[in-house]
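There are 2 protein chains.
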Amino acid sequence: MINWENLDTLESYKKLLSLKQQVSLKQVLNADRVKKYSVKCAAGLTYNYAAKQVNNQILKVMQELADEAQLNEKFRALYEGETINTGENRKVLHHLLRGQLGKDVVENKKNIRSFYKEQQDRIAEFANNVHEGKITNKAGEKFTSVCQIGIGGSDLGPRAMYIALENLAKANGTLKMDAHFISNVDPDDAAAVCKTLDLSHTLFILVSKSGTTQETLSNQLFVKSFLEEAGLDAKNHMVAVTSETSPLANNPDYLDSFYMDDYIGGRYSSCSAVGGTILSLAFGPKAFADFLDGAHEADKLAKNKDIKKNPAMLDALIGLYERNVQGYPSTAILPYSQALARFPAHLQQADMESNGKHVNRFGKAVNYATGSVIFGEPGTNGQHSFYQLLHQGTDIIPLQFIGFNENQNGKDITLEGSTNQKKLCANLVAQIVAFACGKNDENPNKTFEGERPSSLIWGKKLTPASLGALLAHFENKIMFQGFLWNLNSFDQEGVQLGKKLTKKVLAHDIDDALKEYSKIFDI
Amino acid sequence: MINWENLDTLESYKKLLSLKQQVSLKQVLNADRVKKYSVKCAAGLTYNYAAKQVNNQILKVMQELADEAQLNEKFRALYEGETINTGENRKVLHHLLRGQLGKDVVENKKNIRSFYKEQQDRIAEFANNVHEGKITNKAGEKFTSVCQIGIGGSDLGPRAMYIALENLAKANGTLKMDAHFISNVDPDDAAAVCKTLDLSHTLFILVSKSGTTQETLSNQLFVKSFLEEAGLDAKNHMVAVTSETSPLANNPDYLDSFYMDDYIGGRYSSCSAVGGTILSLAFGPKAFADFLDGAHEADKLAKNKDIKKNPAMLDALIGLYERNVQGYPSTAILPYSQALARFPAHLQQADMESNGKHVNRFGKAVNYATGSVIFGEPGTNGQHSFYQLLHQGTDIIPLQFIGFNENQNGKDITLEGSTNQKKLCANLVAQIVAFACGKNDENPNKTFEGERPSSLIWGKKLTPASLGALLAHFENKIMFQGFLWNLNSFDQEGVQLGKKLTKKVLAHDIDDALKEYSKIFDI
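Heads up: the protein sequence lines correspond to chains A and B, in order.
For the first sequence, my numbering gives the first residue as 1, with consecutive numbering after it.
For the second sequence, my numbering gives the first residue as 1001, with consecutive numbering after it.
Don't take every hint at face value.
[Stated by the list, open to error] Derived pair list, reagent style DSS-like, types lysine-lysine, alpha-carbon separation capped at 25 Å: (1) 195(A) - 1170(B); (2) 1074(B) - 1300(B); (3) 26(A) - 1364(B); (4) 308(A) - 14(A).
The set of hints was computed from the structure by calculation and includes no laboratory data.
Could you put together the complete structure from these sequences and hints?
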């Protein structure tokens, strides 16, 4: 029996609230703690929380909270197909894209995991046929590039994943096709991308679950006009990724169609056909399968009741402690890997769209802070930018570092006795310690108070498997936080109002204030 | 006589504190207000604040605060060469890069404005010679690409400005050279960029004021190794941008050197040789001169005492009201223009590095919040991502919209009766109203409370001149906020500690905790 209770009704949460400002990082951070406060993640990754403001007492109450909030039971209910997305009356099944976690989820005699697997197999076959030249352009030439048309979850996740693996594939000689993305309804986006493409050798992927997304259909039309100008027939250059019931499904305007369903939210769709089609075409089906395996391994860890064996759950609880007990307003994601340049932007959507809610899953306003602002840029770049505020500003911003022992390209250079990769890692280590321990100085302007908490996810190298594990870690963290806050993390009503008003503005069916704003833009 | 007083000692600030939660946007927003709450910026831009939570009473107190805090006098002191950057004992003279605002600034008989102008002229001549094929590679062939090696302010600003104008230049046929950037010490950054370049026709710009920036020198070495592998001599392919006293100045390893000085902070250097060299090479000296003119026009507006004629000062005061009176924790920058994709990242540095400080200009801790987290992504992309939290989250995040009537490429498409550019603008208008006015619904999950304040900077088209004006608007806003908070906005001690610790990590001269972290990375 699952109880969906607000956070502030739980006894263990009240206990946690009494444990504010318990830990001075300057006092506790030492080698022993760095070793001990460490949890194994999937695919060779490790979650280290030695520089977080927690101690054994706080961790014990966090475990109680995890148990009292039934995080384990709620996760099981989710992956076994209960209607967790109550607002839209839908199951939430992105975990099944990566593997089976519990009992079969069957609907209308259809096994959902089998359906997802079938789409992956179809995509793999299609990608292989493209790579082998069995599916070609009209002139019989191989497609060499792929371009995704989609917005929001159909763009941010797949784009971040592609960028994360592009240089590794180039270094390994395994890049099958280079990938591009068109998302913004700003016509300058599509025009700029189309101008750089060799259109006759480009395959476009149109992604829209409903088949009615305004930006995406507008951009499709834009792309079609470019193809026509180049004397090409769009239907030889496009595949669709959509739901089986959309107008894009089984449509002769497309070479082929691949399907997801309503149980895959946009921001959780990187592992579905939305990410799978472009990643399989770019890197080959094997790399995409490795990516899914890494994610599945992380999902299995998320089933552990013991928070010390469940890094996503532990991360969620520490984040909640920082947000609701310590009162910190936002979180920075700081990957020390240029390949993860757009990973913070993806997490920004995944997190803020999931948990940026002020009513609980029953529509009642909650009395505590929920999702916070998520932002970030790769290190060391950020060090020369917004880290000033992180070190010496008036707010404390919790930090999530990510790093790897090895770089992807294999190529490096030695200057003053160290490689660039060693310098990169040395910077990362130095920042964690600087944020935690600070520094006294006679000049107060050069004094660092420290006590800025951070955690670190680190691994040997960013590969398809470790990237999948990294993605699933954060997806599961967000899910557990949604459970703790008693939110529905899987709808997004906040994006709907703007869509409706936009139509009114375009139809001139607007009030006076709107008209004045509209005049500004001569609409 | 200028008084540098803390914000909370000012009478008008105490008055402002009493004016919390005065304005309901739902009640006040109408066509008349949209017309009235509007201030002309430079280069055809307008700052509209109708959807901000201010009224005539609050604006009156803001004017008093501007006067009491001597914003006008402090700005004059700055551009006339007083030592405003007290921590580093330096003048702050980036305004002189764009034109003369007050009396001449002369040091050791050197007129600083003349020095800056001289560098611009030298850069213009150099760029013209490159474009005309008078300066070529060793084979006598024209350089076609340019690549900047720099980090922080030597990267973010110039990169954002280049991206902002690239597609306009392509559409106009005025792109002289395509530009690229290498910044991160992560060796995968330099390797990925170098692999895409036609090295024999690429000119590199090494940017480091001190000539000693670790990341930049490491990346230079990396680039040199690529050039050598390609059988090219680096000294035929590199220019330096640095200070006259740096080891890079007048160095035979470079084709030429262009100079800034200590009075130009990194994050304010887009208008100096740091931005000027790459922008003049990419777009021609005329475009760069237009960019400076737009910025200079904005600087002249910033001299007005009347906040209704000084959009940067007004914006600064509204931002302060939101941060210190209303208590909002962060600000989102939302450009409805794909060309401004990296403009929020530049503002993130400009703002957070300038005002992310907790001691005043005399080194005393302040008792009020200063700089906040700045983040953002272009619309409409963000609408399908983090806007959920902006609309329905538990925190209120003030918003800064930016938009333009026309797109840059000229190319557009009509679907369902409207062009993509009209759809883009309609989305922008709809969002402002949705955030301000919200919507009631029987379903509390579909209810929008509204009362989310936003302002809008809009213009006809994004051009070199309007981009310059936009940049200067924000630079001046940040400066005025620094004056109000009584901070030194022009140093960045917060970035120094990490540098020192990094050297220790690399030298193994570290304590036990560091060693354990270091072991993680096998350093």
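Here is what the structure says about each hint:
| no. | hint | in the structure |
| --- | --- | --- |
| 1 | 195(A) - 1170(B) | holds, 10 Å |
| 2 | 1074(B) - 1300(B) | holds, 14 Å |
| 3 | 26(A) - 1364(B) | holds, 22 Å |
| 4 | 308(A) - 14(A) | holds, 22 Å |
When the structure is compared with the earlier hints, no violation turns up for any of them.
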